[in-house]
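Below are the chains, spelled out letter by letter.
Number of protein chains: 2
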Amino acid sequence: MIKKIESQGYYIEIGNHTESSLQQLLDNDFAQAKKVIIVDENTHDNCLEALLTQYTALKEAEVILLPPGEENKVMEICFQVWEALTEYKIGRRDLIINLGGGVITDLGGFIASVYKRGVQFINMPTSLLAMVDASSGGKTGIDLGPYKNQLGLFAYPICTIIDPGFLHTLPDNEKVWGKAEMLKHGLIADRSHWDALKEKDVHDINLDDIAVSVAIKNDIVLSDPKEENERKKLNFGHTIAHALEAYFLDKSPLPHGYAVGLGLLVESKISMDSGLLPKEEYFEIEHFILQQYDKIDNISSIAQTLLGYMQNDKKKEGEEYNFTLLQRIGEASINHSIEEAIILEAIKVIDAQF
Amino acid sequence: MIKKIESQGYYIEIGNHTESSLQQLLDNDFAQAKKVIIVDENTHDNCLEALLTQYTALKEAEVILLPPGEENKVMEICFQVWEALTEYKIGRRDLIINLGGGVITDLGGFIASVYKRGVQFINMPTSLLAMVDASSGGKTGIDLGPYKNQLGLFAYPICTIIDPGFLHTLPDNEKVWGKAEMLKHGLIADRSHWDALKEKDVHDINLDDIAVSVAIKNDIVLSDPKEENERKKLNFGHTIAHALEAYFLDKSPLPHGYAVGLGLLVESKISMDSGLLPKEEYFEIEHFILQQYDKIDNISSIAQTLLGYMQNDKKKEGEEYNFTLLQRIGEASINHSIEEAIILEAIKVIDAQF
Chain A
95 MIKKIESQGY YIEIGNHTES SLQQLLDNDF AQAKKVIIVD ENTHDNCLEA LLTQYTALKE
155 AEVILLPPGE ENKVMEICFQ VWEALTEYKI GRRDLIINLG GGVITDLGGF IASVYKRGVQ
215 FINMPTSLLA MVDASSGGKT GIDLGPYKNQ LGLFAYPICT IIDPGFLHTL PDNEKVWGKA
275 EMLKHGLIAD RSHWDALKEK DVHDINLDDI AVSVAIKNDI VLSDPKEENE RKKLNFGHTI
335 AHALEAYFLD KSPLPHGYAV GLGLLVESKI SMDSGLLPKE EYFEIEHFIL QQYDKIDNIS
395 SIAQTLLGYM QNDKKKEGEE YNFTLLQRIG EASINHSIEE AIILEAIKVI DAQF
Chain B
95 MIKKIESQGY YIEIGNHTES SLQQLLDNDF AQAKKVIIVD ENTHDNCLEA LLTQYTALKE
155 AEVILLPPGE ENKVMEICFQ VWEALTEYKI GRRDLIINLG GGVITDLGGF IASVYKRGVQ
215 FINMPTSLLA MVDASSGGKT GIDLGPYKNQ LGLFAYPICT IIDPGFLHTL PDNEKVWGKA
275 EMLKHGLIAD RSHWDALKEK DVHDINLDDI AVSVAIKNDI VLSDPKEENE RKKLNFGHTI
335 AHALEAYFLD KSPLPHGYAV GLGLLVESKI SMDSGLLPKE EYFEIEHFIL QQYDKIDNIS
395 SIAQTLLGYM QNDKKKEGEE YNFTLLQRIG EASINHSIEE AIILEAIKVI DAQF
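Here the protein sequences line up with chains A and B, keeping their order. The first sequence begins at 95 in the working numbering and counts up one residue at a time. The second sequence begins at 95 in the working numbering and counts up one residue at a time.
Derived by calculation from the structure, the hints in this document are not laboratory data. Among the hints, a few may not be true.
Given that identical chains are not distinguished, each listed pair holds provided it fits within a single copy or across any two copies.
Straight-line C-alpha distance at most 30 Å; calculated DSSO-like pairs for lysine-lysine [what the hints assert, rightly or not]:
| hint | residue 1 | residue 2 |
| --- | --- | --- |
| 1 | Lys326 | Lys153 |
| 2 | Lys183 | Lys345 |
| 3 | Lys373 | Lys320 |
| 4 | Lys183 | Lys320 |
| 5 | Lys442 | Lys320 |
| 6 | Lys98 | Lys320 |
| 7 | Lys442 | Lys183 |
| 8 | Lys345 | Lys373 |
| 9 | Lys97 | Lys442 |
| 10 | Lys326 | Lys128 |
| 11 | Lys373 | Lys98 |
| 12 | Lys326 | Lys183 |
| 13 | Lys294 | Lys183 |
| 14 | Lys345 | Lys128 |
| 15 | Lys97 | Lys183 |
| 16 | Lys373 | Lys292 |
| 17 | Lys292 | Lys153 |
| 18 | Lys389 | Lys320 |
| 19 | Lys442 | Lys98 |
| 20 | Lys345 | Lys97 |
| 21 | Lys98 | Lys345 |
Next comes chain A alone, as it looks inside the complex:
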């Protein structure tokens, strides 16, 4: 059984990929097209063969193998892929399939939509994080120096095919990290989703849980595709997360989901300290987040540096720090201008020294 969700001019399918519309697309729309599959070393080893075995039309595909990890979500890699696409004489009517986690779908979507002013692409997320977040919503992008997704554009795939079966290829910690985006969906829009996830071990996250998260995100995206207002709710946790990732990028890069987990907590603290989120709800969040996402040693000693990274955040408007905050679990509120002192204080909550 495939669940199908309509989005911004494309669709999202959740279920076993063998039942997805991929075969039909390959037989019809792309029967004459050249195909390219972008993978990283992990999905090359763990996911690609299933695809090539199932879809004979993909046996002839050019496979572009990228090094894994956020530190490779950069222009130099794009450049190499564009040169390869040129060598393969890929044209506007051909097809790119992004098979991988959030780095591959962010990067591959950017590569496809800038090449010849836009080649069609399909996202096939293989990590929990990419399934519930990166592979839908139209945000593509790469990093510039320490700045996450500083370059990119809104561009939509033909479809996103989410097969929860690929989750078996992931180590447990990858799933814990991906779960952070699901928790976010619960916190900003659906108390019952948060409650359900609290009870669940990551091994038990199933198709229905994923579908709830995808639907929450999709509803928000459809109401405000270009992030003028409502969509800012999805940034909850991310101002802090991006600053953490920027700081650690050239040291020991933090997984995005882990940074988001900690970001959710810090921004919940800011929500409470701003008088918005009731104390008991904050402590519920704190208790649960700290069970899953470890604090960082001495992080408050570099809090000023983190503020520096926030200065260049895409979400920033004018001279103020603009945050999405929680009013309660299940309800977010956008456009809160927050003073530095409150941010600095809140960061302490993820410092292992406190």
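Using the hints provided, position chain B relative to the given structure of chain A.
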């Protein structure tokens, strides 16, 4: 008097820039915004001062100075500009003004629309070519190796402000090159425009002539913004032109307008040899083009190499060479599949040895 033309969610103004909507935009929409002006060495010396004198709000603008010429329409330059924008802490609500010829508007539009998933920009074209072509229509892009505009996207400015007064800053040959795109507009859509231009010295090209060209292009773009069909008419002359530019890029780069002039002739010859364009109309075109655009020595000896570049043309679909051709002067016809032999023969018409 400003002529205003509505386009794809933005507008084009033609007239003295002091009467344009720029002052109003600076006073209202961008009163709080940071401003960046992208110029090349030519427009820095010849056009920038007029702008800074007229608009006090621009006195505080960051000016980004780029080296001139097609050979600089590359990713390395974009990268430097993105780093500068990051250093200036430019955000989504700020403003970039592209002041220059086609290289600056193509490149600046690309830079702006990829930075933080899109910063607003205004095009102020200063060359005839950019006024009548590059600064409107939403095509932004940069080159990849020898391939023209291989990377880019469709992205629209807030407005394009065309001040024909800037033409006085141009050398004559620049105007002759820019005129090629105007001739194209006449050839594909308006016999009377072609006739009027034939009689005119480049010094006499005026606001009304420019407005006719802009309107022809705009009508076509609005009917098919993403170049699925009708817009391909605007590619007339460009398959050959891009191949010529690709070949000469690392030797002695051809100005785009000059390559288009020759491209119009070769593709008119292909139109005649395919039985589409009447002979007398072809000879009228040949006579007039060769008056203005010099043939190239021995170009037919590298005709096979030119075909190689055409293999990777964005306009290509599948294995065939897809051309826009003329049925008569003032009427183009899209999607003609042409054999190599006809192309090779037609290239001889711009070879100085024949």
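Hints versus structure:
1. Lys326 x Lys153: Result: close neither inside a copy nor across copies, 41 Å intra and 33 Å inter.
2. Lys183 x Lys345: For lysine 183 and lysine 345, the Cα distance is within 30 Å only across copies (24 Å; inside one copy 38 Å).
3. Lys373 x Lys320: Answer is neither: 33 Å inside a copy and 52 Å across each miss the 30 Å cutoff.
4. Lys183 x Lys320: Between copies only: 21 Å across, 32 Å inside.
5. Lys442 x Lys320: neither (33 Å within a copy, 50 Å between copies)
6. Lys98 x Lys320: Both: 23 Å inside a chain and 28 Å across chains, each within 30 Å.
7. Lys442 x Lys183: For lysine 442 and lysine 183, only the inter-copy Cα distance (27 Å) is at most 30 Å; the intra-copy one is 53 Å.
8. Lys345 x Lys373: Classified as neither: same-chain Cα gap 35 Å, cross-chain 70 Å, threshold 30 Å.
9. Lys97 x Lys442: neither (42 Å within a copy, 59 Å between copies)
10. Lys326 x Lys128: between (37 Å within a copy, 22 Å between copies)
11. Lys373 x Lys98: neither (39 Å within a copy, 57 Å between copies)
12. Lys326 x Lys183: between (39 Å within a copy, 20 Å between copies)
13. Lys294 x Lys183: Neither, since 47 Å and 42 Å both go past 30 Å.
14. Lys345 x Lys128: So lysine 345 and lysine 128 fail the 30 Å test inside a copy (40 Å) and across (33 Å) alike.
15. Lys97 x Lys183: Neither way: lysine 97 and lysine 183 sit 35 Å apart in one copy and 42 Å across, limit 30 Å.
16. Lys373 x Lys292: within (18 Å within a copy, 78 Å between copies)
17. Lys292 x Lys153: neither (42 Å within a copy, 55 Å between copies)
18. Lys389 x Lys320: neither (33 Å within a copy, 49 Å between copies)
19. Lys442 x Lys98: Cα proximity of lysine 442 and lysine 98: none, with 42 Å in one copy and 56 Å across.
20. Lys345 x Lys97: neither (41 Å within a copy, 56 Å between copies)
21. Lys98 x Lys345: neither (41 Å within a copy, 54 Å between copies)
Of the numbered hints stated above, those contradicted by the structure are hints 1, 3, 5, 8, 9, 11, 13, 14, 15, 17, 18, 19, 20 and 21, listed in ascending order.
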